[in-house]
Amino acid sequence: MDFLNAIVALLNFVIVPATAYGAQLALGALGVTLIYGILRFSNFAHGDTMAFGTMITIMATWGLQSLGFTAEPLPTALIALPLGIAATAALVVGTDKMVYHFYRQTKAKPVIFVIASIGVMFVMNGIVRFIIGVDDQNFADGARFLISARDFKEITGLDEGLAIRSTQAITVIVAILTVVALFWFLNKTRTGKSMRAFSDNEDLALLSGINPERVVMITWLIVAALATTAGVLYGLDKSFKPFTYFQLLLPIFAAAIVGGLGNPLGAILGGFLIAYSEIAVTYAFRKVVGYIGPEGWSPEGMLQLLSTDYKFAVSFTILLIVLLFKPTGIMKGKSV
Amino acid sequence: MNLTLDRKAAFLFALVAVLYIGTGFVQSWNTALSILNMGLISAIMALGVNIQWGYAGLFNVGVMGFTALGGLAAVLVASDPVEGAWGATSGWQILLALLMGGATIAAAIALWGKMKGHKLRGLAMAGLLIAGFFIFRAVFDPAVATVEAIDPALTGNIGGLGLPIILAWPVGGLLAAGAAWIIGKTALGLRSDYLAIATLGVAEIIIYILKNEDWLARGVKNVIGLPRPVPYEVDLQANQAFVGAMQGLGADPVTASSITVKLAYAVLFSIVLIALIWLTQRALNSPWGRMIRAIRDNEVSAAAMGKNVTARHLQIFILGSAVCGLAGAMMTTLDSQLVPSTYQPLRFTFLIWVMVIVGGSGNNIGAVLGGFLIWWFWIQVEPLGLLLLQGITAGMAEGWLKDHLMDAAAHMRLLTMGLILLLVLRFSPRGLLPER
Numbered sequence: 001m002d003f004l005n006a007i008v009a010l011l012n013f014v015i016v017p018a019t020a021y022g023a024q025l026a027l028g029a030l031g032v033t034l035i036y037g038i039l040r041f042s043n044f045a046h047g048d049t050m051a052f053g054t055m056i057t058i059m060a061t062w063g064l065q066s067l068g069f070t071a072e073p074l075p076t077a078l079i080a081l082p083l084g085i086a087a088t089a090a091l092v093v094g095t096d097k098m099v100y101h102f103y104r105q106t107k108a109k110p111v112i113f114v115i116a117s118i119g120v121m122f123v124m125n126g127i128v129r130f131i132i133g134v135d136d137q138n139f140a141d142g143a144r145f146l147i148s149a150r151d152f153k154e155i156t157g158l159d160e161g162l163a164i165r166s167t168q169a170i171t172v173i174v175a176i177l178t179v180v181a182l183f184w185f186l187n188k189t190r191t192g193k194s195m196r197a198f199s200d201n202e203d204l205a206l207l208s209g210i211n212p213e214r215v216v217m218i219t220w221l222i223v224a225a226l227a228t229t230a231g232v233l234y235g236l237d238k239s240f241k242p243f244t245y246f247q248l249l250l251p252i253f254a255a256a257i258v259g260g261l262g263n264p265l266g267a268i269l270g271g272f273l274i275a276y277s278e279i280a281v282t283y284a285f286r287k288v289v290g291y292i293g294p295e296g297w298s299p300e301g302m303l304q305l306l307s308t309d310y311k312f313a314v315s316f317t318i319l320l321i322v323l324l325f326k327p328t329g330i331m332k333g334k335s336v
Numbered sequence: 001m002n003l004t005l006d007r008k009a010a011f012l013f014a015l016v017a018v019l020y021i022g023t024g025f026v027q028s029w030n031t032a033l034s035i036l037n038m039g040l041i042s043a044i045m046a047l048g049v050n051i052q053w054g055y056a057g058l059f060n061v062g063v064m065g066f067t068a069l070g071g072l073a074a075v076l077v078a079s080d081p082v083e084g085a086w087g088a089t090s091g092w093q094i095l096l097a098l099l100m101g102g103a104t105i106a107a108a109i110a111l112w113g114k115m116k117g118h119k120l121r122g123l124a125m126a127g128l129l130i131a132g133f134f135i136f137r138a139v140f141d142p143a144v145a146t147v148e149a150i151d152p153a154l155t156g157n158i159g160g161l162g163l164p165i166i167l168a169w170p171v172g173g174l175l176a177a178g179a180a181w182i183i184g185k186t187a188l189g190l191r192s193d194y195l196a197i198a199t200l201g202v203a204e205i206i207i208y209i210l211k212n213e214d215w216l217a218r219g220v221k222n223v224i225g226l227p228r229p230v231p232y233e234v235d236l237q238a239n240q241a242f243v244g245a246m247q248g249l250g251a252d253p254v255t256a257s258s259i260t261v262k263l264a265y266a267v268l269f270s271i272v273l274i275a276l277i278w279l280t281q282r283a284l285n286s287p288w289g290r291m292i293r294a295i296r297d298n299e300v301s302a303a304a305m306g307k308n309v310t311a312r313h314l315q316i317f318i319l320g321s322a323v324c325g326l327a328g329a330m331m332t333t334l335d336s337q338l339v340p341s342t343y344q345p346l347r348f349t350f351l352i353w354v355m356v357i358v359g360g361s362g363n364n365i366g367a368v369l370g371g372f373l374i375w376w377f378w379i380q381v382e383p384l385g386l387l388l389l390q391g392i393t394a395g396m397a398e399g400w401l402k403d404h405l406m407d408a409a410a411h412m413r414l415l416t417m418g419l420i421l422l423l424v425l426r427f428s429p430r431g432l433l434p435e436r
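Residue numbers (the numbering used here), protein chains in the order written: chain X, 1 to 336; chain G, 1 to 436.
I should point out that these hints are in silico values taken from the structure, not numbers from a laboratory. Heads up, the beta-carbon is just placed ideally off N, CA and C, and yes, glycines get one too. Treat the hints with care, since some could be wrong.
As the list claims (entries may be wrong) - Once the Cα atoms are required to be at most 30 Å apart in a straight line, the calculated DSS-like pairs of lysine-lysine come out as:
| hint | chain 1 | residue 1 | chain 2 | residue 2 |
| --- | --- | --- | --- | --- |
| 1 | G | K307 | X | K326 |
| 2 | X | K332 | G | K114 |
| 3 | X | K97 | X | K109 |
Said to hold, decoys possible - Sample of chain G residues facing chain X (criterion: CB under 7 Å; computed from the structure):
| hint | residue |
| --- | --- |
| 4 | L188 |
| 5 | L190 |
| 6 | S192 |
| 7 | D193 |
| 8 | G201 |
| 9 | E204 |
| 10 | N212 |
| 11 | F350 |
| 12 | T393 |
| 13 | M406 |
| 14 | A408 |
| 15 | L414 |
| 16 | M417 |
| 17 | L422 |
To be verified - Just the calculated beta-carbon pair ranges, DEER-fashion:
| hint | chain 1 | residue 1 | chain 2 | residue 2 | range |
| --- | --- | --- | --- | --- | --- |
| 18 | X | R214 | G | A107 | 49 to 57 Å |
| 19 | X | K332 | G | D297 | 25 to 33 Å |
| 20 | X | K326 | G | F11 | 31 to 39 Å |
| 21 | X | S239 | G | L263 | 40 to 48 Å |
| 22 | G | L98 | X | K326 | 24 to 32 Å |
| 23 | G | F133 | X | L67 | 53 to 61 Å |
The following block holds chain X by itself, in its conformation from the complex (with noise of 0.2 Å):
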């Protein structure tokens, strides 16, 4: 029974939540790790970007919500997303034809690009900002758990309770949903194939025909939609505020190079190894090993390796192990 325990307040307190944090990761590293394979520069303005497709999403759920419209069970904002990401689409594509188009005709070194992105970030979050302003807004609405810790007990007679809150369940099954539809095409249509063309050699890729600006365009699709699911389902899970989003780059930075920038199935590894160590090494293990352990014997210490203000902090030095050992990352990347 103990050991049972153990492994429900284990599942309770690290897997569920890095779970879903990992799937939002992913999904924010996969839109990093795209724009590296296809624009070839890291892109600090992603950060940005999903908070901008989240305001729209929130703003048309609070639109909805307003007309009495409600997705119940579901979030309502689930039924604005396609809004949100129509706008972050259409703005991302706006950007790209105003400030990265020229840099790709002038033949700018990634770093230039890098800097015009630093510009974009400034623009997008000043946009953020004037529109819904720096706090914070929770936005979720619908069941709030799929099982709550009473709930649970009360069915397994177990002393830990788990929670899962439908938020976490959401984030994971659009991410399934979301991760499935982005390999079909990349890997079975003929646009996706000339994608992953471009992405391996941009020279090759052009001798037999694929056209770059319309391959970089469906990018910038595809990371509207990327960004603005991940920022909506990180926001719903938590909640949202521009600064946070920003910070958020951190980590969905480390997640994409950790994987190997420019490789997909790379970004989602790494997104879910960055959640589960920085929340496993926050965590204190206390309660765990207290049921694990022998009879009377409960550590002294929270058994907490770090305290949870340096979640960061790990997502950064998984950064730098792998840049020592294995530059490209864990599944092979591109390095220029």
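For this one, chain X is given, so just place chain G on it according to the hints.
Structure of chain G alone, referenced to chain X:
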């Protein structure tokens, strides 16, 4: 230097001077001097970034972290010592724990080298690091608890040395240089984007440490009331000679005292800035400077000429970061306080980048110009934006939208800075004062 560029520089600096002097006439001299003081510090930060980016093409987006380390130096050097913080079971034990932590990492690196090709290399290193971590925590945690228990409402940290705060400036540079050495050792030599991401991460971590390690600089409880290198306004107002002199000039002693204090800071900062400009210009025009630029323009051929590219990059990275650390210590001196939560990457890292790009990367004078100009805009965009929005909303009925727009004026500055950066990068990529 070629003449037209000199003329252009003189013209642009005159323009910036007009902006600052205009602020003095339109708003107040107090405001103008406040902006000028931060402008001087911003110019120094921009110089630091220009050393890295303009000389060597290193993309450092961790300026905020180095600035904060400078601020930490100001606290550690200048704040009053805390009684009892340096007992055998407190301050010294923290220091011992940190040394042990460092020794563990050094031992792990040595072990990694020693066991090359051995099957158990990874396992042995992981074991050593984990054991070292637990020993570190065992020594570190009780000592921290002791220090943080000392009068937590007022101190609760290891305190400072109580030395003059000017000494903190070079110390801030040294602290930043030390951090830069560690980052440079690991991240330089990898691709350019990786250095950017590594520095971005380190900067965040430095801020997290400052926020959470209360024993160091009181965390989010902030350190306030750091000593000043210049007199206090109240002392000046109490000084008969000063009050007499100011009344003789027909000035209000209260305003005059605050202007005098700000002027004193401006003089101190100007001395540092001028010294740094002189040094950086000398360095840039020396054989060393030519070598650095040769490396930037073509690493392969520079390496073929026998130049050690990685070592030079490390050197440049450390120098530039040290300048940022120095500026950070000066800024904390100006504020007389260290407030970790005010360190925001948009303000302390990316804004400095806007200054360098706009001013002209590779040109020290350009970076300084960018520092003054962009800082002025950063401060003035808010009132200007408010005016603009007042104009737009003047005919609008009172209501939600009008209130919202007026509130949003505060966020105009990010938008403006982003647009300035994008426009300059697109239409004048070499900046206002290009490298010659």
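Evaluated hints:
For the proposed pair G/K307 and X/K326, the alpha carbon gap of about 26 Å is at most 30 Å, so the pair holds. With a C-alpha separation of about 28 Å, the suggested pairing of X/K332 with G/K114 holds against the 30 Å cut-off. A distance of roughly 18 Å separates the Cα atoms of X/K97 and X/K109; the hinted pair therefore holds under the 30 Å criterion. Because the closest C-beta pair between G/L188 and chain X is about 11 Å apart, greater than 7 Å, the hint is violated.
Using the Cβ-Cβ criterion of 7 Å, the hint placing G/L190 at the interface with chain X is satisfied: the shortest such distance is roughly 6 Å. Interface restraint check: G/S192 against chain X, minimum CB-CB distance 5 Å, threshold 7 Å, status holds. Because the closest C-beta pair between G/D193 and chain X is about 4 Å apart, less than 7 Å, the hint holds. Annotation: G/G201 was flagged as interfacial toward chain X, and the flag holds, the nearest CB pair being 4 Å apart, inside 7 Å.
Because the closest C-beta pair between G/E204 and chain X is about 5 Å apart, less than 7 Å, the hint holds. The criterion of a C-beta within 7 Å of any C-beta in chain X is met by G/N212, whose closest approach is roughly 5 Å, and the hint holds. With a cut of 7 Å, the hint placing G/F350 at the interface with chain X holds, because the nearest CB-to-CB distance is about 6 Å. For G/T393, the shortest C-beta to C-beta distance to chain X is roughly 14 Å, which exceeds 7 Å, and the interface hint is violated.
The beta carbon of G/M406 comes no nearer than 12 Å to any beta carbon in chain X, farther than 7 Å, and the hint placing it at the interface is violated. Interface hint status for G/A408: upheld, as the beta-carbon distance to the closest one in chain X is roughly 5 Å, under 7 Å. Restraint check, G/L414 versus chain X: the minimum CB separation of about 4 Å is within 7 Å; hint holds. Using the Cβ-Cβ criterion of 7 Å, the hint placing G/M417 at the interface with chain X is satisfied: the shortest such distance is roughly 5 Å.
About 4 Å separates the beta-carbon of G/L422 from the nearest beta-carbon of chain X, less than 7 Å, and the hint is met. Remark: the range hint 49 to 57 Å for X/R214 to G/A107 is upheld by a beta-carbon distance near 55 Å. Taking 25 to 33 Å as the suggested C-beta distance range, the pair X/K332 and G/D297 conforms, at roughly 31 Å. A C-beta distance of roughly 52 Å is found between X/K326 and G/F11, which places it outside the suggested range of 31 to 39 Å.
The given range of 40 to 48 Å is respected by X/S239 and G/L263, whose C-beta atoms sit roughly 47 Å from each other. Separated by about 29 Å at the C-beta atoms, G/L98 and X/K326 satisfy the suggested range of 24 to 32 Å. Between G/F133 and X/L67 the beta carbons are some 55 Å apart, a value that agrees with the proposed interval 53 to 61 Å.
Comparing the model with each numbered hint stated earlier shows that hints 4, 12, 13, 20 do not hold.
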